[in-house]
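Work out the full structure, taking the sequences as your base and the hints as a guide.
So the sequence lines, in the order shown, correspond to chains C and Y. Quick note: the first sequence uses this note's numbering, first residue 323, plus one each step. Quick note: the second sequence uses this note's numbering, first residue 2, plus one each step.
Derived from the structure by calculation, the hints contain no laboratory data. All figures in this text were calculated on a predicted structure; none of them were measured in a lab. Treat the hints loosely; a few may be bogus.
To be verified - Have a look at the derived ranges for each label pair, beta carbon to beta carbon:
hint, chain 1, residue 1, chain 2, residue 2, range
1, C, P351, Y, A89, 31 to 41 Å
2, Y, P356, C, V394, 45 to 55 Å
3, C, T337, Y, L147, 29 to 39 Å
4, Y, S465, C, I471, 12 to 22 Å
5, C, I373, Y, D395, 46 to 56 Å
6, Y, F220, C, A367, 31 to 41 Å
Using N, Cα and C, we set each Cβ at its ideal position, and we do this for glycine too.
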Amino acid sequence: MSTQDNRDKNQVETTGHVWDGDLQEYNNPLPRWWLWGFYATVVFALVYWLIYPAWPIGDSFTKGFATITYEVNGEERTTHWNTRALLARDMQTGEYAVRQREMLEQVASQDYETILADADSMSFVNAYAQGSFGTWCAACHQVGGAGVIGQYPNLRNDHWKWGGTVEQIEHTIREGRLGYMPGYRDTLTRDQMNEVAAYVLSLNDYDVDSDMSDAGERIFAGMEGGCFQCHGEDGQGLASQGAPNLTNNIWGLIDVQGAESDSERLRLVANFVRDGIQREMPGFADRLSDDEIKMLTAYVHSLGGGQ
Amino acid sequence: MAQGQPIYEARIPIHPRSVKGRFRNLKTGILLLAYGVFFGLPWLRWDREYGPSQAVLFDIPNRQFFLFDLVVYAQDIFWLAGFLVVAALLLFFVTGVLGRVFCGYFCFQTLWTDVFMYLERKIQGERPARLRLSKQPWNVEKLWKLGATHLSWLLVAFATGLGFVLYWADAPTLARDFFSGDARFAAYVTAGLLTATTYTFAGLAREQVCTFICPYARFQSVMFDRDTLIVSYDQNRGEGSAGRAKVKAGLKTREGRQAAGVGDCIDCGYCVQVCPTGIDIRDGLQVSCIHCALCIDACDTIMDKQGWPRGLIGYSSERELEGGKTRWLKGKTLGYGAAVLVVVGALVFSILERPPVDVNVNQVRQPLFVQMSDGRVQNSYELRLNNVSDQKLDFTLDIDGLEGATLDLGQVEQIRLEPGQRLTVLARIRHDVEAGADSPLRFYFVIRDREGRIDPVEADARFSHR
Ligand code: SF4
Ligand code: SF4
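Right, dumping it as structure tokens:
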């Protein structure tokens, strides 16, 4: 403390400015360490500006002396220091990047049986594939795989148009799928469409006129409608055709459960019979590596309905 | 700015004299203990079933702290909050009763400054010699002595930096790597930074840290009351009615002095010379006084020499100084004391009761639920398991409280976790919900060890179906 000063303790220096006879301006200088601290920050800033990108100049900026080296497709590349390059390098050589690569190799070398049964591998698959899923699949199937009714299938239930084994799922991801049901506007009358609709609803225990549904069953199972050719005689569907099971009360393309009345439900299904539908999922074999497809397959399988 | 005044105020160096006495001994004892702990702890080995064999190790990359038999994981960070609350309350409590004992005896700044001053004295000599040295022009002697002082400071500062770094990795390995240049960059930066700050704060800035930088110095006085113990000069006894006076003819005996109205203070200045913050305690309680009590030792020495009773400078309270009696039990003290006990109790309970596995249930919310083809509703969960015990555990998962529901872990059969290992397990629950049932339904995941080595751990969860 500066109180061992020879100055009179109670006398603070003044700047010499006096107003109104006795109003003085005191001068309490900064402590020296404080001042030096300030100079140090100035020096720090100067050094920093020299080393790192700092100042915008026109549409460019000062690049700084520091460089960073990382790999792009196996080639070394050196640029001025920047956080993107730092991230790129971290993704290649960082501790967690290395660990991730090891896990990736481990999972890639396992078959589906092993992966699905191994808690460690599944934990990794879940974390890893969530990222790929978000990039490639979520645009249609939504982040969590819930899909959109009438547009994209829900991947969380056990309703699989194209089959829910790992082989079938992998095939779907690799090659994509083209689903098609013809519209019956030229083949069936409006009444017949209603009858088919009544039958399909009866398969799911909805209340419908039994005469209507009986008539519908005849159309469904006969050559007139020919529905059984894809959906099977008992409406259980056919995975090789991508024809859905019609008996499990899961409706991916029509919001039957959301309908407000019996007649509304009937109308929705009948309209669907009239219009038919075509849906395409693109294949990802060209865009994703085998490992990525493997992860995604295991991930989708684990979402809840894998068979 | 007028008359070319300097724009800064230079520090006026303080050259405290050394002193012997009980408080000095106490301070030295605490200092040795603190240094012993600080420098020795990283070298203490500790046998563990799992983990490093170092008693205290802060393993940042793996996010676990080893404190003897306790392993603290990142998710236990609230213990740190609890610890800090305890520390704060303890400071309030102790300060309310004993004044700034923390500053005087336990503060790093005070302890390290004390060591630096010791080195300074060993090299440059006692206060008069140092004063002389600082005034004398530069010559070989001054160069040598100051150089040696700063070198010794730097060595201690470096030891401090290195000592600190050793807590964050295996100490023997790191110490070797450090000098062979193989240690992590962060180790060098940290050691360098601590060397620099220690040198600056304990060597150069010293009491300025206490008076200008330290926030405690400012707010500790807020915790004072009239019964708080403070280092104080007994004005009445020291000054008498005619003030203090040196020992001279006619004023040699206490009786003589009292007859002349002169107090017991012989104005020898010893108390001022020993003060590490350079203040005069006889001016009364000051914010710069760190309550190190060295001035008490100084004055006691003088009083002993005079053959007069000790305590001209001593620990007393404001109330005592005014002739009252210090009250120890007061609402504030009891309140703080109780608060300390409660928080310590809660912290200890939390540490002792920590389940051997840390479970975090995360319900998948996109979608919240789906309907399965058999009509049941399915919810999905991510269970994050972290084995915080020191043995390998083989978990089983069950659910409780959701009558008739089934738990599906896919094809995963074995959930085996090494100590410290983390794992995410995907679980699905299918449930045939009664019409009209509330949503969400409450239930528990029950986590057991297959071999029954741990008590079952229950984790709260919700099942949604609407
Ligand atoms: S006045 Fe006394 S107690 Fe306070 S700092 Fe100085 S020597 Fe220590
Ligand atoms: S040491 Fe005691 S006697 Fe000497 S000046 Fe200080 S208070 Fe007075």
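Cross-check of the supplied hints:
| no. | hint | result |
| --- | --- | --- |
| 1 | C/P351 to Y/A89: 31 to 41 Å | 35 Å, holds |
| 2 | Y/P356 to C/V394: 45 to 55 Å | 47 Å, holds |
| 3 | C/T337 to Y/L147: 29 to 39 Å | 36 Å, holds |
| 4 | Y/S465 to C/I471: 12 to 22 Å | 18 Å, holds |
| 5 | C/I373 to Y/D395: 46 to 56 Å | 52 Å, holds |
| 6 | Y/F220 to C/A367: 31 to 41 Å | 32 Å, holds |
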